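Below, each chain spelled out in residue letters.
Number of protein chains: 2
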Amino acid sequence: MDITERARLIRSGDRRALARAITLVESARPDHRDEALALLSALREPRREALRIGLSGTPGVGKSTFIEAFGLMLTGQGLKVAVLAVDPSSARSGGSILGDKTRMERLSRDPDAFIRPSPSQSQLGGVARRTREAVALCEAAGFDVVLIETVGVGQSETVVAQLSDLFLLLLAPAGGDELQGVKRGIMEMADLILVNKADGDLKPAALRTVADYAGALQLLRHRPQDPPGFPKAMPVSALESAGLAKAWEEMQALTAWRKAQGQWDRARADQARHWFEEEVRQGLLAALAREPQKGLMAGLGDRVACGDLAPEAAAAEMLRLLGRT
Amino acid sequence: MDITERARLIRSGDRRALARAITLVESARPDHRDEALALLSALREPRREALRIGLSGTPGVGKSTFIEAFGLMLTGQGLKVAVLAVDPSSARSGGSILGDKTRMERLSRDPDAFIRPSPSQSQLGGVARRTREAVALCEAAGFDVVLIETVGVGQSETVVAQLSDLFLLLLAPAGGDELQGVKRGIMEMADLILVNKADGDLKPAALRTVADYAGALQLLRHRPQDPPGFPKAMPVSALESAGLAKAWEEMQALTAWRKAQGQWDRARADQARHWFEEEVRQGLLAALAREPQKGLMAGLGDRVACGDLAPEAAAAEMLRLLGRT
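Same order as they appear, the protein sequences are chains A and B. All residue numbers for the first sequence refer to the UniProt record's numbering, where the first residue is 1 and numbers rise by one. All residue numbers for the second sequence refer to the UniProt record's numbering, where the first residue is 1 and numbers rise by one.
So here's chain A without its partners, still in its complex pose (with noise of 0.2 Å):
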């Protein structure tokens, strides 16, 4: 089948065309490479966009009983939902947390959710890419919200926070009134907080850790792109789907006001010259595992082990043959 007809068929919303897609640029092969580059290029006009979402929790907050019960609801009102995840760990732990579709038994039978388990890959750069391309092809097959989880390993929450509109911390209540270890950075990152769990017994705890939140959130320094009151903690009941029409007005909110202030473009056309950047330094950094240059780096690098040339000056006479300096 030829390109034309496949981006045909992708923005029909033909979900198996969608699902081949994204298989085609998970593929590391050169070939389909190619024709991943060729069938995202022909995607691009006329502009389709969701509003992408990260999420990021640490296992055991309730990540997917969250995500189905926010995804239901957004598909009740008439939204089509797209779940990917990020997951750099999975191949060590043998598979992601959305692998197992049937933890979101009721959104994966939805008509108007789509749902993707992450592929083991190890390779942040590739995780990276491969998410990018997987939301761009959503976008095209005219999904309104993109959903992009990660699992909170490494690096994973600022890659999914540069591939989001919205990034979405969910925490569990705390037992006392710590607050959980959560990386400043993290912290930093998120535009909602929102605090699972705030039913039954924990709602209490939930209540209190929200506070707790909302305290360490007003310290810190304010960001460009948050309007007043932002960003915010938020209690919420996966289990009860309490709270989750309250937090999508939030995010209707944030968004709105993002867009009125040119943040959103601003934020868009930063992360476009991000993940350019990123790809010329991974696509420099991949062409030295490529002859001629792998037989060169290992000449040298046998030159620089046996003690006969300094790691420096070796580094500088392969720049050099490179034309790199």
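Just so you know, the hints here were simulated from the structure itself, not pulled from any lab data. These numbers were taken from a predicted model, which means no experiment stands behind them. All residues carry an ideal CB built from backbone N, CA and C; glycine is no exception. Among these hints, one or two may not hold up.
[Said to hold, decoys possible] Using 30 Å as the maximum straight-line C-alpha spacing, the simulated DSBU-like pairs for lysine-lysine come out as follows:
1) A:Lys232 <-> A:Lys183
2) B:Lys246 <-> B:Lys80
3) A:Lys183 <-> B:Lys183
4) B:Lys232 <-> A:Lys294
5) B:Lys183 <-> B:Lys259
6) B:Lys183 <-> B:Lys232
[Unchecked claim] Residues from chain A that keep clear of chain B, each with C-beta distances beyond 12 Å, as calculated:
7) Met1
8) Leu9
9) Arg11
10) Gly13
11) Asp14
12) Lys80
13) Pro117
14) Leu207
15) Leu217
16) Pro224
17) Gly229
18) Asp270
19) Gly283
Fit chain B to the given chain A structure using the hints.
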């Protein structure tokens, strides 16, 4: 002064010449860089080798006190000791923990010791190169032991482990039986875990912590570079200078075993190759920030930011212009 004379002074043990040479390798100026490479090259032969000891530990564990006590013990045995710091965070925090030499007052006055505070610079790639070259300078200056300290922020332990022959992890006695949240990856790098403050009231807790870590170390998979019984956990008291001689004996035994098994040379060869490859990668990326690449990147970046080009397509074009696809 010409390079040959400066090299001669450094080799003769002139401390001011050494300090100036370290300042030179720390400089980002291109002309200084050329000078630094020439000086390092002049100092390469005849080869002098120090024992390079990496040291990591969270703040508050008594690292400065340990380095002072351990360093004084070594100089007391007639050894010359250099102390370097790797602190990628110092740009943020406004100074290394070694910035204040008064924290190692006695060692800094010892004629057989040389303490070099960490300069402020935030880029880890630069930190690694600078420290690696400072180590080479200290070796040429005839130091027997080079202690490389890290504050343990982000990736700095990995950098220090790749610069060291031995890696020490310094810990404080734990309150309960928890393992102080030491990341598994850091524990896997350690050759010796030293539990400090094994004195006074804390002694029982320190001994319990040693036992806990000894147990945890047994669960790690065997590494080819380890003789039976290693890695090992031991109590020390920097305050009372207790356990330091025993720790030093273990380091010497480990060193002797690795040298006899060829592990020592292999590790140094692997490290040299690693730093050569890393230096090439850094050099390739650095070239993007110089003209004409910088202008090309900015031009394509602008087209990506305004939506005229996709990040992937622009990156492919840039790599084509660089002759790298």
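These are the hints, each one checked on the structure:
1. A:Lys232 <-> A:Lys183: holds (17 Å)
2. B:Lys246 <-> B:Lys80: Roughly 19 Å separates the two Cα atoms, so the pair holds.
3. A:Lys183 <-> B:Lys183: With Cα atoms ~15 Å apart, Lys183 of chain A and Lys183 of chain B stay inside 30 Å; holds.
4. B:Lys232 <-> A:Lys294: Violated - the C-alpha atoms of Lys294 of chain A and Lys232 of chain B are around 39 Å apart, more than 30 Å.
5. B:Lys183 <-> B:Lys259: holds (29 Å)
6. B:Lys183 <-> B:Lys232: holds (17 Å)
7. Met1: Holds: least Cβ distance 22 Å, greater than 12 Å.
8. Leu9: holds (20 Å)
9. Arg11: holds (17 Å)
10. Gly13: holds (22 Å)
11. Asp14: It holds; Asp14 of chain A is separated from chain B by about 22 Å at its closest Cβ, greater than 12 Å.
12. Lys80: holds (23 Å)
13. Pro117: Given a closest Cβ separation of 23 Å, the condition holds.
14. Leu207: Correct as stated: the minimum Cβ-Cβ distance to chain B is 28 Å, above 12 Å.
15. Leu217: The assertion about Leu217 of chain A holds, with a minimum of 21 Å to chain B.
16. Pro224: holds (17 Å)
17. Gly229: Check passes; 29 Å lies beyond 12 Å.
18. Asp270: violated (7 Å)
19. Gly283: Label violated. Min Cβ-Cβ 4 Å, cutoff 12 Å.
Hint compliance for this structure: hints 4, 18 and 19 are broken, all remaining hints hold.
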